[in-house]
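Below, each chain spelled out in residue letters.
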Amino acid sequence: MNGIDTAETGAAVTVTRSRHALTAAGTAAAVVVLAALLGPLVAPASPTAQVGLPFDVPSAAHPLGTDAVGRDVLSRLLHGGRAVVLLAAGATLLASVVGVTLGVLSGLAGRRPGEFVVRVVDVVAVIPGLLVLLVLAAGFPGSDTAILVGVGLVSLPFSVRVMRSATRQVAVRGFVDAARARGDSRWRIVRHDILPNVTGTMLAEAGIRFSAAVHLTATAGFLGLGAGPPTANWGRMVNENTAGIALTVWPVLAPALLLVTFTVSVNLLADDLAARWADR
Amino acid sequence: MNHAALAALAVRRTAAAGLVLVALSVLIFAATEVLPGDAAGTLAGADATEAEREQLRRDLGLDTDPARRYIDWAAAAIRGDLGTGYVGRREVVEVLADRLPNSLVLTTLAMAVAIPVAAAIGLVAGLRAGRRADRAVSTATLVAVGVPEFLVAALLIAVFAAGLGLLPEVSLVPLGGRPWDSPEVLVLPVAALAVAATAAAGRLLRASVADIAATPYVEAARLRGVTGVRLALRHVLPNAAGPAVQVVAVMFAGLVGGAVVVETLFNYPGIGYELQQAVANRDVPMVQGITLAMSATTLTVLLLGDIAHLLLNPALRGRA
Chain S
-11 MNGIDTAETG
-1 AAVTVTRSRH
9 ALTAAGTAAA
19 VVVLAALLGP
29 LVAPASPTAQ
39 VGLPFDVPSA
49 AHPLGTDAVG
59 RDVLSRLLHG
69 GRAVVLLAAG
79 ATLLASVVGV
89 TLGVLSGLAG
99 RRPGEFVVRV
109 VDVVAVIPGL
119 LVLLVLAAGF
129 PGSDTAILVG
139 VGLVSLPFSV
149 RVMRSATRQV
159 AVRGFVDAAR
169 ARGDSRWRIV
179 RHDILPNVTG
189 TMLAEAGIRF
199 SAAVHLTATA
209 GFLGLGAGPP
219 TANWGRMVNE
229 NTAGIALTVW
239 PVLAPALLLV
249 TFTVSVNLLA
259 DDLAARWADR
Chain E
1113 MNHAALAALA
1123 VRRTAAAGLV
1133 LVALSVLIFA
1143 ATEVLPGDAA
1153 GTLAGADATE
1163 AEREQLRRDL
1173 GLDTDPARRY
1183 IDWAAAAIRG
1193 DLGTGYVGRR
1203 EVVEVLADRL
1213 PNSLVLTTLA
1223 MAVAIPVAAA
1233 IGLVAGLRAG
1243 RRADRAVSTA
1253 TLVAVGVPEF
1263 LVAALLIAVF
1273 AAGLGLLPEV
1283 SLVPLGGRPW
1293 DSPEVLVLPV
1303 AALAVAATAA
1313 AGRLLRASVA
1323 DIAATPYVEA
1333 ARLRGVTGVR
1343 LALRHVLPNA
1353 AGPAVQVVAV
1363 MFAGLVGGAV
1373 VVETLFNYPG
1383 IGYELQQAVA
1393 NRDVPMVQGI
1403 TLAMSATTLT
1413 VLLLGDIAHL
1423 LLNPALRGRA
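If you read the protein sequences in the order shown, they are chains S and E. First residue of the first sequence: -11, per the numbering used here; consecutive thereafter. First residue of the second sequence: 1113, per the numbering used here; consecutive thereafter.
In short, the hints are calculated from the structure, not lab data.
Below, a sample of chain E positions facing chain S; criterion: calculated Cβ distance under 7 Å:
id, residue
1, Ala1143
2, Val1255
3, Phe1262
4, Leu1263
5, Ala1266
6, Thr1403
Heads up, the beta-carbon is just placed ideally off N, CA and C, and yes, glycines get one too.
Looking at chain S on its own, in the form it has when it is part of the complex (with noise of 0.2 Å):
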């Protein structure tokens, strides 16, 4: 797909924007990361209890009414990002690490190994990323491990193919070729030669690919993969209270505030990192 890798990349499609706005992007970003992970220990009623009736609109003792089944909404609200956040992270990582792994080697390695490990990560590349988490989620249904791995895996071809290109750029200059003339063990200019200088890359690659991962776990929840019923979760209370929208928005609005402010500002700053890099 010649043509389209730097657009995948999202260098050449970024343009910059003004601090101002990244400053917004960086705050808010941070608080809905905070309201996910500290939530939890804050809410003030349990997420899964009934308390009251169904739909309620807001009150004194429910600030943002009840959904469906009659549960606190801000309390679901306060437990439902933890999945959301974290996952996403978790399989950012497993992709960066993996990623970096076999990107760097097969950027060493000779064109036609080199070219094979690319063709193999891509065979998952081809189909849409939600049909892979659809097949792992009815392989396992009901773990969260197999969200992660499976958001994972469709990060990974991406995170291989930079990282191998990255790599290839620096493997041509002649310090590879000089550290290889001292006789220096692949891992020592892997070490020394490599990785620094395609750190940016890395940085920049990792907070795309997390965008797209808080996309795509978002989405999974809203589907009902991963951890099930009555399980909080941002995506799912979208689904859960759908039908109850003429009579209270909050159960939807509210969580779908929250994924939209999350998934737009890391969009905004991993498109900015990844600019900041290319300017480079």
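Start from chain S and add chain E according to the hints.
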């Protein structure tokens, strides 16, 4: 490069796509039936006796060698038999034949909306790379790309169905009927799909157009005084045709995933809705059959896009 070489290249790409499909079928089978271990145990329920589990295992053919089972499954699939679903004992192939047209209508309409809009914003932004119009388009599409389809769909439902009461919030289609008999059920699902597709394709096209606009060829045309619509249509668009065809192929692949989400939210009687239901019901043969069909469709579209790209872009023909 002559016709014979081009044909040989097309054949090689087709063979490669076939290999990928075989690899995917192995992965689908392994992930749903082999790796999870005891499928019968899960299906029989926690309170089933060991004898009942054993019986179910035999009934489902799960007591034979996995490699053997895969070969039987794949051989049957080639003959056009994808087995019978656990739920309702429906033939997988019949479900596909019944639901696929509904999904194709949905994705085709979404593309019919998304392609012209994406082409327009791609051209406008790409030709003004770095300027104000470009910044506005790039930011707007970046935001739209970031918002998951189910949230776009939920927003549309909140405004147009629950709020204004203009359109139905579920795509109810009478049994045996077709969605296009009651077109109002198509509006919101198509709109929800088109938003993400337009934004993603618009960004890819903008990048292609910006690259082409920076070439000496377009620079020369500009210096000769060619501007505006004429520059876009006569000089930039023909060169962007190759990448654009691939963008459309990639867009289709994205819509296949999006359709699962949108069909689920609207209860739209398509293949994506069936897949989500099959996953929720642990209906393994149905999941295998539908994902295999979706993978084959996606691969075919990407392959056609790839070949069209080769035909449309002379510069690429030398590189295989």
